[in-house]
Amino acid sequence: GAVVSQHPSRVICKSGTSVKIECRSLDFQATTMFWYRQFPKQSLMLMATSNEGSKATYEQGVEKDKFLINHASLTLSTLTVTSAHPEDSSFYICSASAGVPYNEQFFGPGTRLTVL
Amino acid sequence: AQSVTQLDSQVPVFEEAPVELRCNYSSSVSVYLFWYVQYPNQGLQLLLKYLSGSTLVKGINGFEAEFNKSQTSFHLRKPSVHISDTAEYFCAVSASGGSNYKLTFGKGTLLTVNP
Numbered sequence: 001g002a003v004v005s006q007h008p009s010r011v012i013c014k015s016g017t018s019v020k021i022e023c024r025s026l027d028f029q030a031t032t033m034f035w036y037r038q039f040p041k042q043s044l045m046l047m048a049t050s051n052e053g054s055k056a057t058y059e060q061g062v063e064k065d066k067f068l069i070n071h072a073s074l075t076l077s078t079l080t081v082t083s084a085h086p087e088d089s090s091f092y093i094c095s096a097s098a099g100v101p102y103n104e105q106f107f108g109p110g111t112r113l114t115v116l
Numbered sequence: 001a002q003s004v005t006q007l008d009s010q011v012p013v014f015e016e017a018p019v020e021l022r023c024n025y026s027s028s029v030s031v032y033l034f035w036y037v038q039y040p041n042q043g044l045q046l047l048l049k050y051l052s053g054s055t056l057v058k059g060i061n062g063f064e065a066e067f068n069k070s071q072t073s074f075h076l077r078k079p080s081v082h083i084s085d086t087a088e089y090f091c092a093v094s095a096s097g098g099s100n101y102k103l104t105f106g107k108g109t110l111l112t113v114n115p
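As you go down the protein sequences, you meet chains A and B in turn.
Quick note: the first sequence uses the working numbering, first residue 1, plus one each step.
Quick note: the second sequence uses the working numbering, first residue 1, plus one each step.
Don't take every hint at face value.
To be verified - Pairs of lysine-lysine, DSS-like flavour, derived with a Cα cap of 25 Å:
{"no.": "1", "chain 1": "B", "residue 1": "K102", "chain 2": "B", "residue 2": "K58"}
{"no.": "2", "chain 1": "A", "residue 1": "K14", "chain 2": "A", "residue 2": "K55"}
{"no.": "3", "chain 1": "B", "residue 1": "K49", "chain 2": "A", "residue 2": "K41"}
{"no.": "4", "chain 1": "A", "residue 1": "K55", "chain 2": "A", "residue 2": "K66"}
{"no.": "5", "chain 1": "A", "residue 1": "K14", "chain 2": "A", "residue 2": "K66"}
{"no.": "6", "chain 1": "A", "residue 1": "K14", "chain 2": "B", "residue 2": "K58"}
{"no.": "7", "chain 1": "B", "residue 1": "K102", "chain 2": "B", "residue 2": "K69"}
{"no.": "8", "chain 1": "B", "residue 1": "K102", "chain 2": "A", "residue 2": "K66"}
{"no.": "9", "chain 1": "B", "residue 1": "K58", "chain 2": "B", "residue 2": "K69"}
{"no.": "10", "chain 1": "A", "residue 1": "K55", "chain 2": "A", "residue 2": "K20"}
{"no.": "11", "chain 1": "B", "residue 1": "K102", "chain 2": "A", "residue 2": "K20"}
{"no.": "12", "chain 1": "A", "residue 1": "K66", "chain 2": "A", "residue 2": "K20"}
{"no.": "13", "chain 1": "B", "residue 1": "K107", "chain 2": "B", "residue 2": "K58"}
{"no.": "14", "chain 1": "A", "residue 1": "K55", "chain 2": "B", "residue 2": "K102"}
{"no.": "15", "chain 1": "A", "residue 1": "K41", "chain 2": "B", "residue 2": "K69"}
{"no.": "16", "chain 1": "A", "residue 1": "K64", "chain 2": "B", "residue 2": "K49"}
Said to hold, decoys possible - Computed Cβ-Cβ distance ranges for the label pairs, DEER-style:
{"no.": "17", "chain 1": "B", "residue 1": "Q71", "chain 2": "A", "residue 2": "S73", "range": "39 to 45 Å"}
{"no.": "18", "chain 1": "A", "residue 1": "G53", "chain 2": "B", "residue 2": "L110", "range": "36 to 42 Å"}
{"no.": "19", "chain 1": "A", "residue 1": "A72", "chain 2": "B", "residue 2": "Q10", "range": "19 to 25 Å"}
{"no.": "20", "chain 1": "A", "residue 1": "P86", "chain 2": "B", "residue 2": "P40", "range": "20 to 26 Å"}
{"no.": "21", "chain 1": "A", "residue 1": "S73", "chain 2": "B", "residue 2": "T55", "range": "23 to 29 Å"}
{"no.": "22", "chain 1": "A", "residue 1": "L116", "chain 2": "B", "residue 2": "H82", "range": "34 to 40 Å"}
{"no.": "23", "chain 1": "B", "residue 1": "S80", "chain 2": "A", "residue 2": "G53", "range": "45 to 51 Å"}
I should point out that these hints are in silico values taken from the structure, not numbers from a laboratory.
By construction, the Cβ of each residue, glycine as well, lies at the ideal position given by its N, Cα and C atoms.
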């Protein structure tokens, strides 16, 4: 149980285009979803936390207009990178939590974004 | 706020040797502690967690960790490693109270198991 999927697993786009990444909890209802960014050989940096039906809470330094997060249902959250540029190239990982018993986060397999 | 320090960025070991990956944390409140493993181009898999109770925690793949509150440490150990254990290992901490359990990660330790 507790499977989280991400789609696509890999995406290459041109500079200036927007890219949408989906995160789904397949076998549980996720009250909270988290989006992380990971640079090569570095740790995960939390970008934002989203609760179903509410606006996402962004971490300091993360541009909310650039990284649009939508958590429209208890099983789906999306991250849209708007007007992507090469510096947005990274590995994006989502996680989902059911809230009980202690808000354990289950991680998706990640999405590799390359902006040319 | 919490912080995590993983003292070793890389740990090379030979197959069947024991290994210890070190993790220290800082927090002004009670915490939950986690170890995750990440294989190349994949997400994170939970190895083990400490929530409360026994300070010695056993996880998957033969790993265990011991919570030491006085030393604010949560070191990960395995008595005999395999080639397949080669991966990046992350220690993480979250506050045990509140309604939003944000995870703070260490910078990771690359474990390389050589034949």
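A/K14 paired with B/K58 [C-alpha distance capped at 25 Å]: violated (46 Å)
Given pair status - B/K69, A/K41, alpha carbons within 25 Å: The given pair, whose Cα atoms are some 29 Å apart, is violated under the 25 Å limit.
Proposed proximity, B/K49 with A/K64 (alpha carbon, max 25 Å): violated (32 Å)
25 Å limit on alpha-carbon distance, applied to hinted pair B/K102 and A/K66: Holds. B/K102 to A/K66 sits at ~22 Å (cutoff 25 Å).
Holds or violated: B/K102 to B/K69, with C-alpha atoms at most 25 Å apart: holds (20 Å)
Pairwise hint evaluation, A/K55 against A/K14, where the allowed Cα distance is 25 Å at most: Violated, because 28 Å separates the two Cα atoms, which is more than 25 Å.
Hinted pair A/K14 and A/K66, Cα distance within 25 Å: holds (16 Å)
Given hint A/K20 paired with B/K102 - CA-CA distance at most 25 Å: holds (24 Å)
A/A72 versus B/Q10 beta-carbon gap, inside 19 to 25 Å or not: Given range 19 to 25 Å: violated, Cβ gap about 42 Å.
Status of the given 36 to 42 Å range, CB of B/L110 versus CB of A/G53: Since A/G53 and B/L110 have Cβ atoms about 40 Å apart, the given range 36 to 42 Å holds.
Agreement of B/K107 and B/K58 with the hint, judged by alpha carbon distance not exceeding 25 Å: Holds, because 23 Å separates the two Cα atoms, which is no more than 25 Å.
Range agreement (Cβ of A/S73 with Cβ of B/Q71, hint 39 to 45 Å): holds (44 Å)
Going down the numbered hints, you'll see the structure goes against 2, 6, 15, 16, 19 and 21, while the others check out.
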